[in-house]
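Participant: Going down the list, the protein sequences come from chains A and B. In terms of the numbering used here, the first sequence is residues 2 to 326. In terms of the numbering used here, the second sequence is residues 308 to 506.
Just so you know, not all the hints are guaranteed correct.
[Claimed, not checked] Some residues of chain A that are not near chain B, with every Cβ distance over 12 Å (derived):
id, residue
1, Ala39
2, His94
3, Pro139
4, Pro224
[Unchecked claim] For lysine-lysine, the following DSSO-like pairs were computed, each having C-alpha atoms within a straight-line distance of at most 30 Å:
id, chain 1, residue 1, chain 2, residue 2
5, B, Lys504, B, Lys442
6, B, Lys442, B, Lys394
7, A, Lys149, B, Lys504
8, B, Lys434, B, Lys384
9, B, Lys504, A, Lys157
10, B, Lys489, B, Lys370
Treat the hints as calculated values from the structure; they're not laboratory data. Yeah, the Cβ is synthetic: ideal placement off N, Cα and C, and Gly gets one too.
Here is how the chains run, residue by residue.
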Amino acid sequence: MDATTAALFSIVLGLLAVATVIGQVLKRQPETGLNPAAVLAFNGRLRAWWMMSCVLAAAFFFPRGVTVLLFGLLSFWALREFITLTPTRLGDHRALFWVFFLFTPLQYVLIALDSPGRGSTYGLYSILIPVYALLFIPARIAIAGDTKRFLERSAKIQCGLLVCVYCLSFAPALLNLRLIGHDGQPYRGSSAGLLFFLVVMVQLADALQYLWGQIYGRHTIAPQVSSSRTWEGFLGGAGSTALVGMSLCWATPFNVWQAMLMSLLLSVMAFAGGMTLSAIKRDRGVQDYGTLVEGHGGVLDRIDSICFAAPVFFHVTRYFFTAVP
Amino acid sequence: MTETLLSLLARFLAGASVRWVDCQPDTCQRVYFANHTSHLDAVVVWSALPMHVRSLTRPVAAKDYWSRGWIRRHLAKAFNALLIDRKEIKVHQSPVDLMLREIGETYSLIVFPEGSRSSGQEIGEFKSGLYYLTKKRPDLELVPVHIDNLNRVLPRGEVLPVPLLSCISFGPPLWLEAGEPKADFLERAREAVRRLKEV
Chain A
2 MDATTAALFS IVLGLLAVAT VIGQVLKRQP ETGLNPAAVL AFNGRLRAWW MMSCVLAAAF
62 FFPRGVTVLL FGLLSFWALR EFITLTPTRL GDHRALFWVF FLFTPLQYVL IALDSPGRGS
122 TYGLYSILIP VYALLFIPAR IAIAGDTKRF LERSAKIQCG LLVCVYCLSF APALLNLRLI
182 GHDGQPYRGS SAGLLFFLVV MVQLADALQY LWGQIYGRHT IAPQVSSSRT WEGFLGGAGS
242 TALVGMSLCW ATPFNVWQAM LMSLLLSVMA FAGGMTLSAI KRDRGVQDYG TLVEGHGGVL
302 DRIDSICFAA PVFFHVTRYF FTAVP
Chain B
308 MTETLLSLLA RFLAGASVRW VDCQPDTCQR VYFANHTSHL DAVVVWSALP MHVRSLTRPV
368 AAKDYWSRGW IRRHLAKAFN ALLIDRKEIK VHQSPVDLML REIGETYSLI VFPEGSRSSG
428 QEIGEFKSGL YYLTKKRPDL ELVPVHIDNL NRVLPRGEVL PVPLLSCISF GPPLWLEAGE
488 PKADFLERAR EAVRRLKEV
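Please model the complete structure; the sequences and the hints are all you need to start from.
Facilitator: Structure, rendered in structure tokens:
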């Protein structure tokens, strides 16, 4: 373990430990005047962050395949939450079978097989779902013969597959990039640092947007979608995320200004992801994607912002910070 | 061995979350009655029970279906299923008598009083077996069970499952009231299952 990795993990584990202690203290003292629901949500978020830290630790210490597998399982679970809350008909059953047991695993297998040395599968995994699954799903539903709300049903399944599987799969795909640093020389650090940067910045952007919104929020952006997302929260969150991103640039191939721009980008995408998935939830009339699993929000509630940020972050990095764009 | 593997597989495919609403798992003799929407129903309800309760609980299944072929016979044995002949019902060999004889003073049952699988939208009329069961053994606790979304995991007529999330709810036990007519009791039992959908 090199010094950079050790430093990263001590920072994250330290922050999480402090936050966990605070969360537990708040839970035990109901007379602090804080909203108990907010404390519960905070503790739920912390649990998700501990889980994500474990996934990130796997990225640093185990072979790439392990990380790809872990993200694959996350995708699988998020997709089943998405489809469970989407009204489908019997005619969609066969199409859904292939979505779950062919396209989802295949996407991650292709990413696991990708390596700059042995030949890249990028050309296939970057179009597998947006082209081939896109064509396959409506065709399979058409063969099943049920035309009621045909286009709507196809689009819902396509959307689920795209957001939960395709988009998220670009997070572990970051580990495949052969990076060059901001000085134009091959980057010596671990590409797991990039995945770390993505996940930590996106989670931070979420938390900071929420925090700024709670303190200074006046103007809600779209009250029907989310009552807690405000312009103040969005701008304040983006600004403070950019500052933290600058201070973390030593763990990435970016220099200070590049790290700032990347953090801004991640903050905007995290916001877009949260808004989009909230809109879908409001349309279905549910609070969380995990309502079928009692007591906590779903996986999709936790990773919605990463789903949106991952492909954009991947492509910007691939274009500007790898030798073969 | 087969039993553990299968219940793990069923749990994975059905992604079932289990809720006990005004009811706790217990080893006392019970009849779990549920709406029937999928072939996976019996397995999923059975594996939703805690291990020590599960070993004392037998799903009731149709003999003509589950004794055909080696695999089905093997499966039925793994779950300790109680196979009932739907075709040849003899006078002193009625399904209810058979069930009561088989469970003795120890086992519990999982039954699907609709008889065959429904479409999953509406719960069908209950067959009278549940009534005669409780009439002959009034000490049995009747526990309503509602199975939600499993019909989308493995619908009628499909072989390949789609791993969505489902929910199994166990409700408060009910008993036959003194002098309660058959139709009223069956309707009350059906309503108990349907009510679990809302809570």
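Participant: Next step is simple, just say for each hint if it's right about the structure.
Facilitator: Do the hints match the structure? See the list:
1. Listed as a non-interface residue, Ala39 (chain A) keeps its Cβ farther than 12 Å from every Cβ of chain B; the least gap is roughly 25 Å.
2. The Cβ of His94 (chain A) does not lie farther than 12 Å from every Cβ of chain B; its closest approach is about 6 Å, which violates its non-interface assignment.
3. The claim that Pro139 (chain A) lies off the interface holds: its Cβ sits roughly 17 Å from the closest Cβ of chain B, which is beyond the 12 Å cut-off.
4. Even its closest Cβ contact with chain B, about 29 Å, leaves Pro224 (chain A) beyond 12 Å, as expected for a residue assigned away from the interface.
5. In summary, the hint linking Lys504 (chain B) to Lys442 (chain B) is supported, as the alpha carbons are separated by about 27 Å, within the 30 Å threshold.
6. This hinted pair checks out: Lys442 (chain B) and Lys394 (chain B) have alpha carbons roughly 23 Å apart, not beyond 30 Å.
7. Under the criterion of a C-alpha separation no larger than 30 Å, the hint pairing Lys149 (chain A) with Lys504 (chain B) is consistent with the structure, at around 26 Å.
8. With a C-alpha separation of about 25 Å, the suggested pair Lys434 (chain B) and Lys384 (chain B) falls inside the 30 Å cut-off, and the hint holds.
9. Only pairs whose Cα atoms come within 30 Å are accepted, and Lys504 (chain B) paired with Lys157 (chain A) is accepted, the gap being roughly 25 Å.
10. The suggested pairing of Lys489 (chain B) with Lys370 (chain B) holds, with an alpha-carbon distance near 26 Å, which does not exceed 30 Å.
Going down the numbered hints, you'll see the structure goes against just number 2.
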